[in-house]
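2 protein chains.
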Amino acid sequence: MKMIQSAEKHAERVFVKVSDLSHCKKDAQVWVRGRVHTSRCKGKQCFLVLRQQSSTVQCLLAVNEHISKQMVKFSGSIPRESIIDLKAKVVLVEQRIESCTEQTLELHVLELFLLSAAKAQLPLQIEDASRPEKSDDPEALKIRVNQDTRLDNRVLDLRTPANQAIFRLEAGVCKLFRDVLTAKGFTEIHTPKIISAASEGGANVFTVSYFKDSAYLAQSPQLYKQMAIAADFDKVFTVGAVFRAEDSNTHRHLTEFVGLDLEMAFKYHYHEVLDTIGNTFTEMFKGLRDNYAKEIAAVGQQYNVEPFKFLEPPLKLEFAQAVAMLREAGVQMDDEEDLSTPSEKLLGRLVKAKYDTDFYILDKFPLAVRPFYTMPDPANAKYSNSYDMFMRGEEILSGAQRIHDPEYLIERAKLHAIDLSKIAAYIDAFRYGCPPHAGGGIGMERVVMLYLGLDNIRKTSMFPRDPKRLTP
Amino acid sequence: MKMIQSAEKHAERVFVKVSDLSHCKKDAQVWVRGRVHTSRCKGKQCFLVLRQQSSTVQCLLAVNEHISKQMVKFSGSIPRESIIDLKAKVVLVEQRIESCTEQTLELHVLELFLLSAAKAQLPLQIEDASRPEKSDDPEALKIRVNQDTRLDNRVLDLRTPANQAIFRLEAGVCKLFRDVLTAKGFTEIHTPKIISAASEGGANVFTVSYFKDSAYLAQSPQLYKQMAIAADFDKVFTVGAVFRAEDSNTHRHLTEFVGLDLEMAFKYHYHEVLDTIGNTFTEMFKGLRDNYAKEIAAVGQQYNVEPFKFLEPPLKLEFAQAVAMLREAGVQMDDEEDLSTPSEKLLGRLVKAKYDTDFYILDKFPLAVRPFYTMPDPANAKYSNSYDMFMRGEEILSGAQRIHDPEYLIERAKLHAIDLSKIAAYIDAFRYGCPPHAGGGIGMERVVMLYLGLDNIRKTSMFPRDPKRLTP
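These protein sequence lines map, in sequence, to chains L and A. What the first sequence shows, in the numbering used here, is residues 3 to 474, in sequence order. What the second sequence shows, in the numbering used here, is residues 3 to 474, in sequence order.
Don't read these hints as lab results, they were simulated from the structure. Treat the hints loosely; a few may be bogus.
If several chains are the same, the list does not tell them apart, and a pair holds so long as it fits within one copy or across any two.
Said to hold, decoys possible - Straight-line alpha carbon distances no greater than 20 Å define the calculated EDC-like cross-link-like pairs of lysine to aspartate or glutamate that follow:
1) 366 to 10
2) 89 to 249
3) 177 to 285
Please build the complete structure, drawing on both the sequences and the hints.
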C-alpha cells in the first residue's frame, strides 16, 4: 500500500479492535489493523499472528478466489512488527488457540495491505522481551533481553504486554493522585523548573546556561508550593519533572523523575496533613486494585509480583518505635541516627511480618537528620514534626511541617550554618503572614515500581535518565 | 498566640469558612481563620475586615465582658495581611455591608488570636492590586500596581480575587484537557526534559551541564510522543514543562511554560486527529463556561473581559481561504508565506466578524513554512497536512500529520539541508513499523490568557520565566 498521506478517508471500512473480535457475529466481515507478530507459510497457506497492543489473533491466508499464490508468498515475507490492514471473516474454531489471547476464533483473510514495514533484522524480539522471569525455566533465562538492550531500543521494548500495562497503570497513579486531591479541595499549580538559586544548598544540582547568566534546575517544587500556601491557595498539588544531579547508579535513583508534590495549610496540628496524605495513598491503592486489575495481572505474567497489601487507615509508627523494632532484630543504632538503606528494608520486612501491610507511615524523625526548615517537635527537642512513608520497605515520600515563622526560620538556618543571603527570598515569602502548613513529595516512578514489586526504577520510567543514560 | 508547632489539636474548635457563614444559624458561635484585610479603631470599638481567599466579612470588637480595652487597642494595631483566629458570634445586620462579600451579617468577636504577623510595611496593598482596570476611573488608574512590583512580590499579588480565580481556572484547563482525552481513550505519558541532542536543530535551546557532559532542555515532547505512538500506545498526551531559549520579550512569550501535548495514531486521514483535537477544545470551553463561572466573573471584576465565543463543531478554514480573506481586507501576501503576527490578529477579527467565534482551526499550511517532518498535502505539493488553532486571533496550537516513513523522512530532511547524523535516533524510531499519526502542542498559559481575554501571559503563569526574570 502507498504510504498513508491522508489522500483518502475510507470511511466505509469499519475497524474492529482485536480484543472486541469475540463480540462479532459468526462469519462477520471486519477490518483490523495490527502488527505481524509471527508468520509461517506452508505451501498454499500462511498462518499469521496479528498483534494489537496486548491482544493477539490467529489469521489464515489460503489461496482462493480472494487471495493469490503471490499474496500468500508475500504475506510470509512481511517482517515481524510491520503494520498491516486486513479485511477478514471472523471464523469460530473448535480447538482453543493457546498461543493467542483470542482463543475461540481466527480470521480468514480476504485482503491484506502492508502499511508500514519493519526492518527485517530487529535488535530484540518482542517474544523474548516478554518472556516470564520465572527462575524454574532455564531455557527462558538463557534468552532474556538485558536492560540496556531494552532501553536502547525502547520503541520495541515498550510493545511487550508487561510494558503496555506498566505505563497504563502509571497513568492511573497520576490520575488517582490528582483526582483524590481535587476531591479533597486541592488546587493544581505549576512551578518553575529553572530557578535562579539552588534550592537546597547547591549540592546535586544541574546548572543551566540562561542567556548571559547561569541558572539551576529545581530539585523540588517545595519553595513554590510553600509560596502558594502563603498566597492563600490553602491546599495545592503539582505533578512535574524534578532533577537530581546525584551520581547514584542504583536500582532506585534517576537524575530526572516525576514528582507528585502536595502542600497544605492546617489549623493546629500537622497530623491533619499527615492523615490527609495517608488517606490519599489508601484511595490510590484502592483505585489501582479496583480499576487496574487487568494491568496488574499482565505485569504478573512476566514478573513475580506479590499483591500489594495495605491497611485502612494506614499503619502509623513513630521513629522511636522503629528503632526499638530494629534493635530487637539485632541492629545497633543511635536514637538520632537516620535509617540506613539496609535498616529501611529490614524494617519493611519486620512491619510486614507484624502488621501485614506493604505501606506504612513513620512519624517523628530525629531533628538532626532533617533540613533546617523542618519544625522541631514541641514535646521533645530530639525529634521533629516530620515523616517518611514507605512501600515494600522503601521510602517513597518525605515530608514535614515547615517552619512558617520567618524569625524562627532564620534561627534554625543559623544553627545549620546556612548562608542567610542565599535563602533570603525563601524567608521573605513568610513575612506577609503565612498559615502553619505541611506537605510532602512523592517519587512517582518509585510508587509504580514498588506497587508492582518490580526490581528497577528504569522499568517504570518510559525514557529513564541516569548518570550514564541520556538516550533515547 | 505562640507559634503553632502542633503542640495541641484543638479538636473542639469548629471552623467555618467565611463563604459559608451565611448558612450559620443566627447568633451561632463559630471559629474563623483569615487575614486582617483592613482595621479601623474608634474609642472602644474596632472594625476589622477579615479576608479568607476571595471572601470578606466585617468583624466588630467592642469592649465588653469578653474583650478588654487592651484587646481592642491590640486588634487595631495588627498589620494588614496578618493571620488571625477568631471566636465570634454571627449577627445578622439590617443594612447591607457593601464593602464585604458577606453583606448580610457581621461577626461579633469573643476571642482573637494573632497567628502569623505580617510586616507593617507591605510592598503593595491588596486593595490596590485588586482595583478594576476600567478606563473611566482616573483615580484607580493612578494607583495601579505595575507588573514588576506584582511579580517581585508574587506571594502578595496572588492573594487578589482575580489571581485566586485565574489560577483556579488554570487548574481547570489542565483537568479538562486530561479528563476529556482520558475519556477518549488517551494514555498519559511523561517525557524527559533533559535530552542529549537539541530536538529541533539547536536554535533557541538551553544547555545543561550533565556530569562531565553537556545536555539540553527539551523544546517540546514531540519525539517522545511519536516514540510512544511507534510503541503501540495509540493515543497519548502529556502535560509538562517546555523550554524555549528565545530572547523574545513580548506579551505572549515565556522561556518556560506548560505544554499540553497530544499525539494520536489514525487510520487513513489526519482529519480524524484534527477533529479529535477540535472536539477536545469544544469540551474544554464548555467545561470552563459551566464549571468556572464564578472564577470568570471574579476576573471580570478587575479586567474588561468579553465572554469567550465558540462554535460547535469548531470553525475549520483552509490556509488559502484565510489568505483570500486577508487580501480582501487589503493585506498583500504570497500564497506560501506564513502569517505575520499583525495578519494573525487581523484574521482573528475578520473571522470573529464573519463567523462570531473566538476559536477556529486553520488547516493546510504552506509546506514551505513547516518543519521537515510535516507530511506534504498529497493533492497539492504547495501545502501540507498541518494546522494551527487560534483563540482571540492568537495561535495556541500548532500541529500536523508527521511523516511516519523513515525513507521519506530522510528525503524531506535532505531537502531542508538537515544534518542526518543529528536526527538518526529520530528516524530510527520509525524503522520497526509505525502507524500514521498526527498531533499537536498547546501552550497552556496562552489558553488561559486568551480564554479570559487578558493582555499578558505573565498574568497566567504563577511564577513566570522570561529572558529578564528568573525570580521569585
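Against the structure, the hints come out as follows:
no.: 1; hint: 366 to 10; in the structure: between (65 Å within a copy, 16 Å between copies)
no.: 2; hint: 89 to 249; in the structure: neither (53 Å within a copy, 54 Å between copies)
no.: 3; hint: 177 to 285; in the structure: both (12 Å within a copy, 19 Å between copies)
Figure legend: structure checked against the earlier numbered hints; the only hint not met is number 2.
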